[in-house]
Each structure stands twice: as C-alpha cells, then as structure tokens.
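The primary structure of each chain is shown beneath.
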Amino acid sequence: MTFAHRVAPYLQALPLTLILGVFLVVPIAVIVMVSFWDYDSIRIYPDFVTFNYEETLFSFVTWKTYLNTLKFTFIVWAITLFVGFWVAYFLAFHVRTATMQTVLFLVCTVPFLTSNIIRMISWIPFLGRNGLLNTALVDAGIVPAPLEFLLFSEFAVVLAMVHLYTLFMVTPIFNTLMRIDRALIEAARDAGASGFQILTNVILPLAKPGIAIGSIFVVTLVMGDFITVRFMSGGQSASVGLMMANQISLLQYPAAAANAVVLLVVVLMIVAAIVRVVDIRKEL
Amino acid sequence: MTESIKTDTAAGVSRRSLLKGGAAAVGLAAGSGAITGFPTIWAQNIKDVTLRQMGTGVSNINAIAEKCKEDLGFTLQMTALDSDAVTQRAVTQPDSYDIADIEYWICKKVFPAGVMQPLDVSKMKYFDKLVPLFVTGKLTPESAIAQGTAPHTVGFVTGQDSVEFAKEPTNWLTMIPTIYNADTLGIRPDLVGRPITKWADILDPAFKGKTSILNIPSIGIMDAAMICESAGIAKYADKGNMTKEEIDTTINFLIETKKAGQFRAFWKSFDESVNLMASGEVIIQSMWSPAVAAVRSKGIPCVYQPLEEGYRSWGGGLGIAKGLSGLELDAAYEYINWYMSGWVGAYLNRQGYYSACLDTAKAFMEPYEWAFWMEGKPAEKDILSPEGKVMEKAGSVRDGGSFYERMGKVACWNSVMDEDRYMVRKWNEFIAA
Amino acid sequence: MPSETRGFGFYVLAAFFVLFVLFLYGPLSTILILSFQGPDGGLTFPMNGVSTRWFANLFETQAVGDFGGSFTRSFLLGLMVMATTVVVSLLGGLAFRRRFVGSTVLFYVTIASLVVPSILVSLGIGLLFQVTGFRPAWYSSGFGAHLTWTLPFGLLIMFAVFNRFSPAYEEAARDLGATPWQTFAHVVLPMITPPLVGVGLFGFTLSYDEFARTLMTSGSFNTLPLEIYGMTTNVTTPVLYALGTVTTAFSFAIILTALIAITIINRRRLTASGA
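Chains as they are written, first to last, in the numbering used here: chain A, 54 to 337; chain B, 505 to 937; chain C, -5 to 269.
Check before you lean on any hint, since a few could be wrong.
Subject to a maximum C-alpha distance of 30 Å in a straight line, what follows is the list of computed DSS-like cross-link-like pairs (lysine-lysine) [stated by the list, open to error]:
1) B/Lys633 x A/Lys117
2) A/Lys124 x B/Lys866
3) B/Lys633 x B/Lys702
4) A/Lys117 x B/Lys826
5) A/Lys124 x A/Lys261
6) B/Lys712 x A/Lys124
7) B/Lys866 x B/Lys802
8) B/Lys866 x B/Lys629
9) A/Lys117 x B/Lys671
10) B/Lys763 x B/Lys712
11) B/Lys642 x B/Lys739
12) B/Lys671 x B/Lys702
13) B/Lys712 x B/Lys671
14) B/Lys826 x B/Lys893
15) B/Lys826 x B/Lys802
16) B/Lys627 x B/Lys573
17) B/Lys551 x B/Lys671
18) A/Lys124 x B/Lys802
19) B/Lys748 x B/Lys763
20) A/Lys117 x B/Lys763
21) B/Lys573 x B/Lys763
Derived by calculation from the structure, the hints in this document are not laboratory data. Predicted model, so just to flag it, every value in this text is computed and none were measured.
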C-alpha cells in the first residue's frame, strides 16, 4: 500500500464529510441542545431540563403513535419490497438493452416531476366519493355505492406511500441485480436447478444488499413522513412526524426536538439491525 | 388582463369623485397617480427600494404589489407561504423579510421573540380611522369583548424597545391591522336537507362521515369548543384560554366523535376546504367566507351559515422586521400608510374579508358593492371579484348580513392558550385515537 | 432469464410492470382530465365545461405566487443538486470501497441525514445562517439543505453499484500499466455510467420536488413546491393541473428526443463500423 493509496479514501470522503458536517451535524447539534430547553406558551428559554424527554417517553400517546407509524412502515415495506423486487427483476433480466432500461426507468420517474402537492390534491378527484375510480366502479356495476374507504383512511395512506416509495426500492435492487454474473445463472441452470431454485439460491442471496438498501430508504421515509399521512388520512391518522409538526406549528421547539432525537435513535437502531443482517458494504 | 383594467377604472372613478368631494387627506395618499407621487424629500431614490413581504396567500396578493409599484414607485416582493411556515420564518429568520403579514393570535408568540420592531403610531396617517376592534377591542362602544386572543390585547407594546404587551393603547403598535373576518360553518344546502342553526348541528347523525373542522390544533380545538358548548357538553369561561379540565373535556368529546365516524377529514389550507366541499366529500364544515365564495363560483351551491352561538373570528396585520432602518424603514411606513388608504382595503373587502380602515376603503368601492359587502343589502348588480369574475348574481344577499351583524356576533377570537403545551399533547392524542 | 425466446415468465412480469406503471400514472390521469376544466371549474369533479383556459392562464400573472420565477429557481437548483450529488456520491462510493477510519461514523451520519425530520434540518440550517450572518438563499442554504436529502440516496445507490464490483478489471488495467486515473476513466467509469445517470436523475427529482427542507432555507424567495403550497392558502384553480400536464408532456418530449438521438447515433456508429 502506497501513501497515496492510503490517503485516497479520505480525500474521496472529504466532500461528503464537509457537506454533511456543515449542513447536518450542526443542525443536529442544535436540535439536541434545544431538546433540553424549557418553554411556555409564549417563549423558549435556554436551560437544561429533561422533562421534554419525560413527556415524550412516558406518555402513552407517544407509544401509540410510534406503534401506528411502525405499522405503516411494516406494511409499506412489505408491499414495496414485493412490487419493487419484481419490477427490478423484470428490468434487469427481461429488458435487453441498456437504452430500453433507462427509458423504462425514466417513464417511472416522470410522474414524480409533477409537484407532490399537486399530486396529493389530485388523489381527491381520483379516489374520492365522486372520483374517477368510484365512478368507474359504480358504472361498471362492481359496487352498488361509492367506496368510502378509498380516501381519507389508512388504506389511502398506505396506497399513497407505496406509490411514492416503490421506486426507492426498485433502484438499489435493480443495481445489485445488474451486478450478478450471468454465467452464474447459466451454470446453475446447467447443473439442473429449476427457475425457483435459481431465484432462491442464486439471485435472492446476491440481491440482498440491494434489498437492504431499499429497505433502509423505505423505512426512513415512512418513519419520518407527515405530509402523506396528514393528507391521505384527512388528518385522522397519527404519525411521529405529524406529532412533531403540530408542536413546531406552535413554536414548541424543545418538545419537537426531543421527539426528533427519540425518532433518530429509534430509526438508527432499525437501520443498524438491517445492516447487521445484511452487510451492504460487502466486497464494495 | 382586462380584469385589472376594470378594477383600475372603478378605483379611478371613485378617486376622482373623492377629490371633488374635497377629502384631501385621503386623496393625497390615494391619488398618487393624479398628484405625481408623495411630496417627500426622499422621493428621488425611493424607486430603488425593494421591500420583501412574507405572509400567507390570503393577503400576499400580486395585485397589491403591482398597485404599490404604480402608486409609490418602489418594489414590493411578495412571498406566499402557508401559515405555519410564516410563523417559523418570522421567528427564526428575521433577515429573510422586511414586512411580515401574520395573524394576531400567533403574534402573541412571535412578537415576544424580539424579531420585530413596534410601529410608531404617530407616523400612522389613518390610525384614528381604524376599526375600534383593534384599539379598544370593542366594535361599538356598547359591545362586549369576545373571548380568546382579541387583537387589541396583543396590538400594543409598552415602549419602543419593549416586547411586553400593553393593556391600554400606547404609541407603539405591534402590527398594523389589515384583514379580519368571522368564520362559521359552511354548508351544502343541496345535500344537507335541513335547516342549520347551531354549531351542534354538525353532530347530526345524518351527516356521519360528511363533516370537517380545522386541523390547526389551536384553532381546531376552538371549533370543537363552539360545538361542545352548543351541544351542552361544556361551558367555558374563555374558549380561547381553556383550563386543563376544559381541554380534557373538549378533546374527549372530539375523540368520541371521531371514533363514531362523524368526520370525513380535517382541513388545513384554504384550498383543502374548498376541494372538500366542492367534491362533495364534506357537506358541512367550519369554513372561511371567501372559501364559500370560491365553491359557489364553480356553480356549486354553498352557504356560509350564520349560527346562534356566533362566529369564531381572526385578524391579521403587518409587522416590520427588527433590522429594517433608514430609507427602507421610511418606505415601509409609506407602504403601510398606503395600505390603509383604501385601495387595498377595497380589494380585501371585495373578496369577502374585512379591511381595518373601512372609511378609506369605502371611497374605493362602488356604492352597490359597499351596500352588498358591508351593509348586507341585496346586490343591485352582479358582484364581481377583484379579478373580474362574477361572484354573486344581482339580487343576492351576503350570508350573515352586514358588517355589524357579523362582527358584532363574534363569540371568540383565534388564540394562544396559556395551557397550549398541554393542549398540543392532547391534540396529538386525539389524532392518534 | 435472458434467453432468446420470451417465456411465460416474461409475459407475467411484463404485465406486472405495465400495471405498476399504470398505478404510478393513476393520479396523473385526473390531473390530465381536470386540466381541461372549463373556465369556472374547480380542482375536483364534476367537470364544469371543457376548455384550454388553464393552459393559457399558466403564462399569465396569478393572483398569488409566480410560476416563472419559482420554476427557474427550482430547475437551476435541481441541476446544481444533480451535478453535486453525482460527483460527491461517486467519490463517497469509491471511498467506501476501502476501509478507512471513521467510515462507520460517516455511514451513520449519512443515514441520520435521511432520518432527522426535514422541517428540523431546515430550521437548523436557517438558524445557522441567521446566527452566522449569512442571508439564507435557495442557492446557498437551500442548496445545502437539498444535498443533505439527496446525498444519502446517492451514496447508498453507489453502495449497490459497487457491490461485488470485481476489482479484477482494475487490476488488469494496472497490470497493463495504466495510471490510477486512466484505470478510473477508461475502465471503472464506463461500467458505472448508467447507474450514475440514475443517481443524477434521483438527485434532480428529489430536489425539484423537495418541500420541507426548503421551507426555512430558501431565503426570501420560494422554490416551485413552496410557491404552489403558498398558492393553496388562497383560491386555487385548475392551473395547477395544467402545470402538471405540461410538466409530464414536456418530460415525455425530452425522453422521446433523447431516444431518437440515441437511435440515430447508434445507427451511424453501426454504419461507420460496417464500412
């Protein structure tokens, strides 16, 4: 190992470190500091108090809300994993040219170029009582009356999240699938493995890092979400992010900061667990 | 842009008649087009000034900036944000704006943060023309002061460098009041199918899954309190400043109602309330007057229903950032005086809000417009929005009647409670239930 | 499996993929239909006549907000974020191919960047600028805030790209006497160009649509999502849907143009090598 060789990774990691150092570590430090401050209905006071944490940790509302958020996370994770894996599989193994793969990817990205706020508004005329879907279902005679649960419900929250986040699962899985040596699959087939055996014994194990990375994306996105939950549940479903947003709207920064620290710890623990199961930096 | 020409001529006509009438003070401020700007020493370099105004889209309207440029010569950059963002930015980034357009209830929290400078009353040309609601808290000398954070209670501070609210009017305003209104329930008369007279009518089992209230905790809980009181569940000493027990009662009531499936959704932005109503998702909900007008302008029947218990009211104003000084500060005062001089007031009144200086606004409205919006009389002709769209057909009457009928029946103002820390926790409990 | 004849599996998965795309475009269908609302129509059904009024209105002055200015800011910011994300993520990805002191900390800080609620990151950066006397603006504080959002995605996608990336190619190049830079430029880079394009695309889309992190960091002027949200605090019109329809149509036009360009280039190359 030459000197240049040893220094290289530090230089390469420098831009990332600098950007996150200034724009992330400093804000996190401020959040941690403010989480120990005091506040009343008018002002915030620099102090060192722990009751922001006590109020957060010892209230059943927090636990209930975390449970609800975790429930959303699990459901959305399971669905996006299933859908995302097969979409990635199709793109990686059935689409033959790199150009076509890129085009199909682009086609999947286009809907996200229309501002999320506009898309959120458009769910009402799509899923609502007099929306496109209900009208079609009623006209086709499939249901006698409009389905109310399609909008402003937990179903709607999950649907919108799957809509928003599946692509975050597709991308990393697709990239790991592209790294799988096609000769390996041929070899397995020559050895008499069935399609299912190839999937479970060759492809899935090799796709694990991509699955883990996609899972990290989806878990962090759902755990921190508040806009989707608020919009799609019509403000009737709780999430950790929403709880914080309510505190921030009344300038109760210390309470929100304590909440954020707790959330950060919880999610980092989940990510650590994922990384422990699957080493995403394996043979990087 | 035929619309803006129309309004311009309308204003122009009244401007001329005004000057003829000899109302020189008003004319001087308003008729800058006719009298070539303000006769002040700095009139030469004022054109280089740019003021940045931030607030919600309710009053951060491009037409106001355009008219300001035309009348005063300097540039006003309008940035519209949602109400939460306005609050956050006002408190944490006083450098990012020169003029903040905020609501009075949140001013109770924003002003003590020391990010804004009090306004010198002696520099306010139209201070004595302000609706007394913002000075003494009383609409007329006989009227009672409503519950909640009434604007006058956070309207003045004790001195130039003070952040302490004054009990009596002083020479130092926290904000100059600009806009206010009284909110009540909006209904879809075609779908409700029964007369609505009380806030508690929203609880009718017939409307199950078709109702909504506001999703801003401090305001939503007051909607709920209006309903609770109307339904005889609770009686409040001050709905705008509840005790912990009162908060518990109100939230428990909300939780039960939510679990029973009475609500369809809660709305947060103006636009959401319009969409919920227009799409038929909701047929009865707490609403703003211009939102009702917006639903109606799409050809969908919607009524802004006056109720026995009265209205929940709110007001907003303009404040100046602490750092503003010199020429910019002079320009800001000039802008505020212009704002109060009538053109903007007329613009706001025509949307269904109320302006803080009614007399000056009157001069910029046609008599038939004034009669419709302010006096509660049937419209002589079609009522047009500031953009020139027909809002109300000739013959219609404004819901809730005249200005005095509506603002005289305010039950409480949007507010910040002493127990708001507890309130938010309970609100989160309600959302999680 | 990549075989010459399309098997049963292909048709099942192709159908699945088409359904997925239809699902992605579901809400866009309402945007498309309702952008042709009549002049008095609203953002929801029923349709109140049919017109192209709202497409024309897109280029007029709105009652509240300004599409042109905010779109320009968002578009430029998106490009800046895209370029930076690609470069920094690539470098970061290369760094993580070797062990270095602090790599675990850096990894978890990157993850934390995804987790910390956006609105608090936004407030924190805004406060930082306020306290240090810099004026927050979309191209400074807003730019930084967006990077805290896009870099974790970029870096982790690079993880997936470099996963089991065989060092054999690089060793072969080195054995042939290539300098590290030559190895990178002629061996590694061509192999990872498609995923890098993907990272850039991700970076642009995430930035272009970013909301909460921009809220407190964009300074005095709004990016497009903030402007649209600001507009919803007053009467909104189907002009929002017209914007959505135009955006989608425009994106498709670009994709199509690129596709045609690639086909033409490939054909030329083919004829050139054939001759």
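Consistency of the hints with the structure:
1. B/Lys633 x A/Lys117: The given pair, whose Cα atoms are some 53 Å apart, is violated under the 30 Å limit.
2. A/Lys124 x B/Lys866: The given pair, whose Cα atoms are some 57 Å apart, is violated under the 30 Å limit.
3. B/Lys633 x B/Lys702: The hint is violated at about 34 Å.
4. A/Lys117 x B/Lys826: violated, 43 Å
5. A/Lys124 x A/Lys261: holds, 23 Å
6. B/Lys712 x A/Lys124: Holds: B/Lys712 and A/Lys124 sit about 27 Å apart, inside 30 Å.
7. B/Lys866 x B/Lys802: Cα-Cα ~28 Å, so holds.
8. B/Lys866 x B/Lys629: holds, 17 Å
9. A/Lys117 x B/Lys671: violated, 43 Å
10. B/Lys763 x B/Lys712: Roughly 11 Å between the alpha carbons, so the hint for B/Lys763 and B/Lys712 holds.
11. B/Lys642 x B/Lys739: At roughly 23 Å apart (the allowed maximum being 30 Å), B/Lys739 and B/Lys642 satisfy the hint.
12. B/Lys671 x B/Lys702: Answer violated: B/Lys671 to B/Lys702 is near 34 Å, above 30 Å.
13. B/Lys712 x B/Lys671: Between B/Lys712 and B/Lys671 the Cα gap is close to 45 Å, so the pair fails against 30 Å, i.e. violated.
14. B/Lys826 x B/Lys893: violated, 40 Å
15. B/Lys826 x B/Lys802: Outside the cut-off at roughly 43 Å; violated.
16. B/Lys627 x B/Lys573: holds, 21 Å
17. B/Lys551 x B/Lys671: violated, 39 Å
18. A/Lys124 x B/Lys802: violated, 40 Å
19. B/Lys748 x B/Lys763: Distance of about 22 Å is within 30 Å: holds.
20. A/Lys117 x B/Lys763: holds, 16 Å
21. B/Lys573 x B/Lys763: violated, 53 Å
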